[in-house]
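Engineer: The chain contents come next:
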Amino acid sequence: MGWQAIRAWTVLVYGFMFLPVAVVVLLSFNANQFGSFPMTGMSLRWFEELWNNDAVMRAFRTSIVLGLMTAVISTTLGILASLALVRYNVPGRNAITTLLIAPILVPEVVLAVALLLFLNWLGLSKSFALLLAGHVIFTLPFVILVVQARLVSIKRDVEEAALSLGASPVQTFFAVTLPLMLPAVAAGALFAFTISFDDITGTLFWKPGGVETVPTQIFSMLRNSISPEINALGTVMIVMTVGLPLLGAAVARKLAMKGGS
Amino acid sequence: MSAVTLQDIVKRFGNFTAVHRTTLEIPEGAFLTLLGPSGCGKTTNLRMIAGLLDPSEGEILIGGKRVNDVPIHKRNLGLVFQNYALFPHKNVAENVAFGLKYRDVPKSEIAGKVQAALELVQLPNVGDRYPKELSGGQQQRIALARAIVIEPDVLLLDEPLSALDANLREDMRVELKRIQERIGVTTVFVTHDQSEALAMSDLIVVMSEGRVEQVGKPEEVYNTPASEFVANFLGASNIMAAKCTDHGAVVMLEEPTFGRVQVPAAKAPNLTGTGAAKLVVRAEKLLLARDPAPEGVVSVPATVETVDYQGQAVRYFVRAGEAQLQAINMIDEHPFAAGDSVHLHLRPQDCAALPG
Chain A
7 MGWQAIRAWT VLVYGFMFLP VAVVVLLSFN ANQFGSFPMT GMSLRWFEEL WNNDAVMRAF
67 RTSIVLGLMT AVISTTLGIL ASLALVRYNV PGRNAITTLL IAPILVPEVV LAVALLLFLN
127 WLGLSKSFAL LLAGHVIFTL PFVILVVQAR LVSIKRDVEE AALSLGASPV QTFFAVTLPL
187 MLPAVAAGAL FAFTISFDDI TGTLFWKPGG VETVPTQIFS MLRNSISPEI NALGTVMIVM
247 TVGLPLLGAA VARKLAMKGG S
Chain B
1178 MSAVTLQDIV KRFGNFTAVH RTTLEIPEGA FLTLLGPSGC GKTTNLRMIA GLLDPSEGEI
1238 LIGGKRVNDV PIHKRNLGLV FQNYALFPHK NVAENVAFGL KYRDVPKSEI AGKVQAALEL
1298 VQLPNVGDRY PKELSGGQQQ RIALARAIVI EPDVLLLDEP LSALDANLRE DMRVELKRIQ
1358 ERIGVTTVFV THDQSEALAM SDLIVVMSEG RVEQVGKPEE VYNTPASEFV ANFLGASNIM
1418 AAKCTDHGAV VMLEEPTFGR VQVPAAKAPN LTGTGAAKLV VRAEKLLLAR DPAPEGVVSV
1478 PATVETVDYQ GQAVRYFVRA GEAQLQAINM IDEHPFAAGD SVHLHLRPQD CAALPG
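These protein sequence lines map, in sequence, to chains A and B. Numbering-wise (my numbering), the first sequence opens with residue 7 and increments by one. Numbering-wise (my numbering), the second sequence opens with residue 1178 and increments by one.
Don't take each hint at face value.
[To be verified] Distance condition first, Cα-Cα at most 25 angstroms in a straight line; then the derived SDA-like pairs of lysine to any residue:
no.: 1; chain 1: B; residue 1: K1309; chain 2: B; residue 2: D1330
no.: 2; chain 1: A; residue 1: K161; chain 2: B; residue 2: S1372
no.: 3; chain 1: B; residue 1: K1267; chain 2: A; residue 2: L184
no.: 4; chain 1: B; residue 1: K1309; chain 2: A; residue 2: I160
no.: 5; chain 1: B; residue 1: K1267; chain 2: A; residue 2: V257
[As the list claims (entries may be wrong)] Simulated restraints, written as ranges between beta carbons of each label pair:
no.: 6; chain 1: B; residue 1: R1280; chain 2: A; residue 2: T82; range: 40 to 48 angstroms
no.: 7; chain 1: A; residue 1: V96; chain 2: B; residue 2: D1246; range: 54 to 62 angstroms
no.: 8; chain 1: A; residue 1: I70; chain 2: B; residue 2: G1289; range: 46 to 54 angstroms
no.: 9; chain 1: A; residue 1: V176; chain 2: B; residue 2: E1234; range: 37 to 45 angstroms
no.: 10; chain 1: B; residue 1: K1251; chain 2: A; residue 2: A108; range: 55 to 63 angstroms
no.: 11; chain 1: B; residue 1: R1280; chain 2: A; residue 2: V96; range: 52 to 60 angstroms
no.: 12; chain 1: B; residue 1: A1376; chain 2: A; residue 2: V257; range: 33 to 41 angstroms
no.: 13; chain 1: A; residue 1: L252; chain 2: B; residue 2: A1376; range: 50 to 58 angstroms
no.: 14; chain 1: B; residue 1: K1251; chain 2: A; residue 2: T82; range: 23 to 31 angstroms
[Unchecked claim] Going by beta-carbon spacing under 8 angstroms, a handful of chain A positions derived as facing chain B:
no.: 15; residue: A61
no.: 16; residue: M63
no.: 17; residue: A168
no.: 18; residue: A173
no.: 19; residue: V176
no.: 20; residue: T183
None of these hints come from the bench; they were simulated from the model. Cβ coordinates follow ideal geometry from the N, Cα and C atoms, glycine included.
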């Protein structure tokens, strides 16, 4: 009896969480020109309209470029920071770790406003670089957490063996350390990309005029009308942000099976 | 010329001194063992020779050249770790070839050298396997092959046998010694296992609390311990307070249990004169018998208190007068039982003496 109740409750909770998402996906294939039930037939016309909508495509390109750059910069900085914090005896190591992790503990709005104020104080205006910087600050903690955890599990012995065999510290990093932490690096990069791709709060504050990412584009479209196009765009977003990490996890598992540790 | 020299080496970690001023010469081609309990500084010394730690004071010379400022990857050393430390993402052949890639070895020769190294460690057919597909003993052989294929000036072994199970450890011990003799490379071996040290070494350096207690050949260290620590660390010893009454051609010790014992002068190298001294009696040299000993052998009546049966040997704790002593004897037939009255036999030449 008790278990039955818990089971039913669980179904309800998941239903509550995922039903709206399912509705969006379902309605994106609706042939009707109003994005609501009842459905009048299956069609890809809204995806077609998306494809032909310049504003949306521009936003899409911006999001992809922003996401990729965020991923590359965040991952590089994250790897370097993790190396320093795990492998070297940096003074104030704990304080630095806390500082680097802090952006995920601070409410995003606060972080967004703080960065804007800082920019104002420097006398600079909003730009794509600022938007990028904001996304890097916001995604860096995820990369550091994942990469650091992996690096701790890589034994120092293995690197020392490489050094003793004649590889310089840099050669050791590329021949031994980096390949061994590749699954974590890939996971960190994926995190950074999807978080950047999904982000709206910070982006709304930081984006310069005229630049839209997919989430801010959806947001502004919603203010005008509830077009079924938004359902289609939502579906694309869901596929990207759910599909990419799943794909990444599968690749990481494959890598781990081959190399292993 | 020595292959490796430690000259007045000191290593401190903050306020803690891990290695007190140490000077050590490692002869060319020797198999030298740094032996001691954990925390005695043996691994610290090895890591300083390797270049993984910088000495706080003193100089390290390899092949007569000062290497204090030479980083590890330019020292041409072979390093083998307790946990094998193979590269898990590379197969066996790639692991062994790793060091050759950073040397001026023509590509065409690499495969041949790798195969020769694998044959030397008797694993010629595992080149395309990954480390995790091999057993611990096999992984350690590969680690050894990887270290020697680069023809290092010095081979450094950091407790390489400790992670293996007992039977395999003894096989590997013989194997390791065979390979070392075959290639003749100067080897520094770190272990806390006295039987490994005695079986494999040309020279043993016994260390305790960051200090060298004794340097010598295995039989010297074993038969003529230079300190109480050495006497107890290599096997079990009975160490008793005694008085030296004559220190000339012979060394005469007086001890309450055994009376007057004439110790050969060669076995009392550190005893400088008469006065307070210590009599060292190895547990294996103290024989239990039913009857008193013949002339020339010290004989003392005793009672067996505890019997610790170990198969081929037995360890007795016996009481002789005031003293409780331990004796390790091979068993002929049946061991003595607790409560038996026995005679302890001790040949004076088996004793050693230390300053009191």
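Engineer: All hints are to be evaluated individually against the structure, with a verdict given for each.
Structural biologist: Comparing the hints with the structure gives:
no.	hint	result
1	B:K1309 <-> B:D1330	violated, 29 angstroms
2	A:K161 <-> B:S1372	violated, 29 angstroms
3	B:K1267 <-> A:L184	holds, 13 angstroms
4	B:K1309 <-> A:I160	holds, 15 angstroms
5	B:K1267 <-> A:V257	holds, 18 angstroms
6	B:R1280 <-> A:T82: 40 to 48 angstroms	violated, 31 angstroms
7	A:V96 <-> B:D1246: 54 to 62 angstroms	violated, 23 angstroms
8	A:I70 <-> B:G1289: 46 to 54 angstroms	holds, 50 angstroms
9	A:V176 <-> B:E1234: 37 to 45 angstroms	violated, 30 angstroms
10	B:K1251 <-> A:A108: 55 to 63 angstroms	violated, 41 angstroms
11	B:R1280 <-> A:V96: 52 to 60 angstroms	violated, 33 angstroms
12	B:A1376 <-> A:V257: 33 to 41 angstroms	violated, 49 angstroms
13	A:L252 <-> B:A1376: 50 to 58 angstroms	holds, 56 angstroms
14	B:K1251 <-> A:T82: 23 to 31 angstroms	holds, 28 angstroms
15	A61	violated, 46 angstroms
16	M63	violated, 41 angstroms
17	A168	holds, 7 angstroms
18	A173	holds, 5 angstroms
19	V176	violated, 10 angstroms
20	T183	violated, 10 angstroms
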